[in-house]
Structures are given as structure tokens and as C-alpha cells.
Amino acid sequence: MIEQVDVKVNGQGLHDITKPVTDLVAGKDVAEGLCTLFIQHTSASLVIQENYEPSARYDLEQWLNKLVPEDPSLYTHTTEGPDDMPAHIKSALTSTSIGIPVIGGKMALGTWHLALGTWQGIFLWEHRHHPGTRKVLVHLS
Amino acid sequence: MIEQVDVKVNGQGLHDITKPVTDLVAGKDVAEGLCTLFIQHTSASLVIQENYEPSARYDLEQWLNKLVPEDPSLYTHTTEGPDDMPAHIKSALTSTSIGIPVIGGKMALGTWHLALGTWQGIFLWEHRHHPGTRKVLVHLS
Amino acid sequence: MIEQVDVKVNGQGLHDITKPVTDLVAGKDVAEGLCTLFIQHTSASLVIQENYEPSARYDLEQWLNKLVPEDPSLYTHTTEGPDDMPAHIKSALTSTSIGIPVIGGKMALGTWHLALGTWQGIFLWEHRHHPGTRKVLVHLS
Chain X
26 MIEQVDVKVN
36 GQGLHDITKP
46 VTDLVAGKDV
56 AEGLCTLFIQ
66 HTSASLVIQE
76 NYEPSARYDL
86 EQWLNKLVPE
96 DPSLYTHTTE
106 GPDDMPAHIK
116 SALTSTSIGI
126 PVIGGKMALG
136 TWHLALGTWQ
146 GIFLWEHRHH
156 PGTRKVLVHL
166 S
Chain Z
26 MIEQVDVKVN
36 GQGLHDITKP
46 VTDLVAGKDV
56 AEGLCTLFIQ
66 HTSASLVIQE
76 NYEPSARYDL
86 EQWLNKLVPE
96 DPSLYTHTTE
106 GPDDMPAHIK
116 SALTSTSIGI
126 PVIGGKMALG
136 TWHLALGTWQ
146 GIFLWEHRHH
156 PGTRKVLVHL
166 S
Chain U
26 MIEQVDVKVN
36 GQGLHDITKP
46 VTDLVAGKDV
56 AEGLCTLFIQ
66 HTSASLVIQE
76 NYEPSARYDL
86 EQWLNKLVPE
96 DPSLYTHTTE
106 GPDDMPAHIK
116 SALTSTSIGI
126 PVIGGKMALG
136 TWHLALGTWQ
146 GIFLWEHRHH
156 PGTRKVLVHL
166 S
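Protein sequence lines correspond, in order, to chains X, Z and U.
Using our numbering, count along the first sequence one by one with no gaps and you end on 166.
Using our numbering, count along the second sequence one by one with no gaps and you end on 166.
Using our numbering, count along the third sequence one by one with no gaps and you end on 166.
Hints were generated in silico from the structure; no laboratory data involved.
Please read all numbers here as calculations on a predicted model, not as lab measurements.
Check before you lean on any hint, since a few could be wrong.
For identical chains, the list gives no copy identity; a pair is met inside one copy or between any two copies.
Subject to a maximum C-alpha distance of 25 Å in a straight line, what follows is the list of computed DSS-like cross-link-like pairs (lysine-lysine) [as the list claims (entries may be wrong)]:
id: 1; residue 1: Lys91; residue 2: Lys44
id: 2; residue 1: Lys53; residue 2: Lys91
id: 3; residue 1: Lys131; residue 2: Lys91
id: 4; residue 1: Lys44; residue 2: Lys160
id: 5; residue 1: Lys53; residue 2: Lys131
Next up, chain X with everything else stripped away, as it sits in the complex (with noise of 0.2 Å):
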């Protein structure tokens, strides 16, 4: 089974796609198997981060930001604006694809609070400023 997540963005961030993921393979009739995220980007990218302090997200971006700077004097690929060059590093540093095991019926996400579902969320990574629809691709076997 392969579907097809649109997310859209409204600029450069994280954004929770926890929710619209786990749904989907809730839906499906996979007890146990494996749920694998492909994004078909290279300026956007996926992580496994925590998702209950949004202070931790927040940390997470300006420390990225800061180690690649949106400063053109530093690349030659500057055509697409001042973000697209380091949007494809940041990208080259984080995931393009990750594998999750879905046990029962449901990702299995780590957690601490199970009633809250806190902890590990799923994060598109936009790294450009312009909003716009992002493609990430779900297979489930």
C-alpha cells in the first residue's frame, strides 16, 4: 500500500504530520509491518522529533539556521533565492525517508504518556520561506 500525505506549509518550520500519518495507517488492516515516509523534496525534509515542548522545536530550527546561514556571499547556487541553497544542505542533513514498525495496528512511536501520545512526532521540515504543498509518500507493508 503506497498513499500519497499533501502537506501544506505556510513557510519555513516544523510541521506536526503526526496525526494525518498515524490516521491513515490506522486505517489500514496491517496488524504488523513496517510504515516508511518518503518525502519527493530536496529543499524539505522529515524528522522524529519530540513533540510536547514546541520550545524544543523552536531551539531546533535556530541552532540549523544558525550552523547554515541564508547568506549568499557563502554558495554559487543562488538563482532560487537566498534560501534554496541552504534549504538542500539542511535537507542533506536530516532524512529524506524513514522506516517506523506499526505493532497492533498503530505506529509504534516511542511515548511517555500514552494517554497524550507525547513524545516522538513525526515533522515535515520546510526549510524555504514561500508556503506551498509538500508531497510525502507513505508505504506500508
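On the provided structure of chain X, position chains Z and U as indicated by the hints.
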């Protein structure tokens, strides 16, 4: 097949989990397939590295510690200790999941010395300082 | 199905392996599935990047070379040459395995120009300077 491997860690650093994982896979009746590892945490990660020279792991750890310093003045997410936010960043820069082919009933890790099995080792990279137990899921198909 | 793709490299840099991998997958009778790539090395890695503008790969390589300098005074693991330890670090920061869905018998890489097939290319990133042959395993299910 999905099984959980509990990894006891005594603090920050690269913990070799090659043997428990390859033993688990070798004990199953899978001649050819794919083994996917998934760590259920956001402050520890997975990495495949040279398992022959301990100096390579030492340098790797030192280098990342310098890149992502445990300096609370750099972060806003500081309530869980000075090593927590750097641990999240380090996890985002390394891997939460890794897929490794299985050939002839064994994980197809690269080797240059077949008898010693040295070259590619599988490591759980603990990014926090306190001891504890980390959970790695092993999916085999 | 698991096959090995041998990649001849002439030195450091991003080597495009999109064609050998997509040709291999297209030649198999798999309408829908998952293709997992795994590189059997710890001083070379895999990355999906834009395959249209060579300047993007040039900048990516330059940026990582600056982040992880080949300066022996920074490392203790120096017996295998000044490019060895940086190669291990660069491998840890990029990917050892990538999972890519297969749809309609083809790898579902992102494209913005279907006729040219440009956008997401699969690259073997050689981090060492000497020429050689690197092994990539291709698992298809």
C-alpha cells in the same frame, strides 16, 4: 517479525549493538530480507560506523560535542537539563531508523575482515549523560 | 530481491547513481513496492539531492568540507590519512540507507520535469580522495 531490544546505557557515547541485533536476526528463518531498526527516542539515535578503531568513535563524539555544545545560553528549552536540547539536535542530525539487507540469513554489513567481522558496526548513540535503558525495535521481513 | 551495484568513484564528491538504480528496479516485475538502498561503507554515504543544477552539489560539498575540515590536529584517528576521520563524520551526518517507494514499476522520485526526470537524484557521496569501487545493496520488495 518485530522484536524489541533493550539497550542499557551508562551515559553519553556510542554503544555497540551489533551483536544483539545480528544474533536476533540470525536466529530467525529469513534467508533474504530487510531488517529495519527504529529507536523510540528523540535524545538518542542510531548510526553505522567503523567498529575496529575506538579512536574513530572517540573523534566522532568529540566533534559532535563541539558542534552542538551543552551551553544553556544557546537554548530556550533548558528545563530538562543542559544536555537535553543538544541531545535533540544531535538526534536530528543522525538517524532514527536504518534499513539493512539480510543475505544468507545474516545482516549484510560491510566487512573487510570476515573472520573478525570488523568494519560496519551498528551503534546506539546515547546523547544524554545519565544511565538508562533505550528501546530499539527490530523489524524483519 | 537483493542486488549489488558497484560504483566506481574517481575521488571525493557526489556520484550520481540514479540511472543504474532506477534501471535495475525498472527491470524487475514489481508494480508497487519499496526499494531500500544500503551502502556497505563508513567513509561514503547516500544522499538524495537536486540533480538539475551542478552548482547545488558543488555548494553542498564545499559547505560540508568547511564544516568537517581535513585537519589532522583536530582528530586522534589519523593513521589512515587526513581524509579518513572527516569521511567517518560526514557519513554519520548523511545517510547509510534510504527507502524509496516504487509506483507503477518505477522509483517514485520527485520530479518537476517529467520528460527530463530532473529533481530528486540518488547520489553516492564519496568522502575520501582516492579512487575505488563502493558497494551499494538494493533491496526490492
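Hint by hint, here is what the structure shows:
Taking the shortest alpha-carbon separations for Lys91 and Lys44, neither the intra-copy value of 30 Å nor the inter-copy value of 35 Å comes in at or below 25 Å. When the C-alpha separation of Lys53 and Lys91 is checked against a cutoff of 25 Å, the pair qualifies neither within a copy, at 41 Å, nor between copies, at 45 Å. Within a single copy, Lys131 and Lys91 get their C-alpha atoms no closer than 37 Å, and across copies no closer than 38 Å, so neither meets the 25 Å cut-off. Both within a single protomer and between protomers do Lys44 and Lys160 lie at most 25 Å apart by alpha-carbon distance, with minima of 15 Å and 23 Å respectively.
Taking the shortest Cα distances, Lys53 and Lys131 sit within 25 Å of each other both inside one copy (10 Å) and across copies (24 Å).
Taken one by one, the earlier hints fail for this structure at numbers 1, 2 and 3, listed in ascending order.
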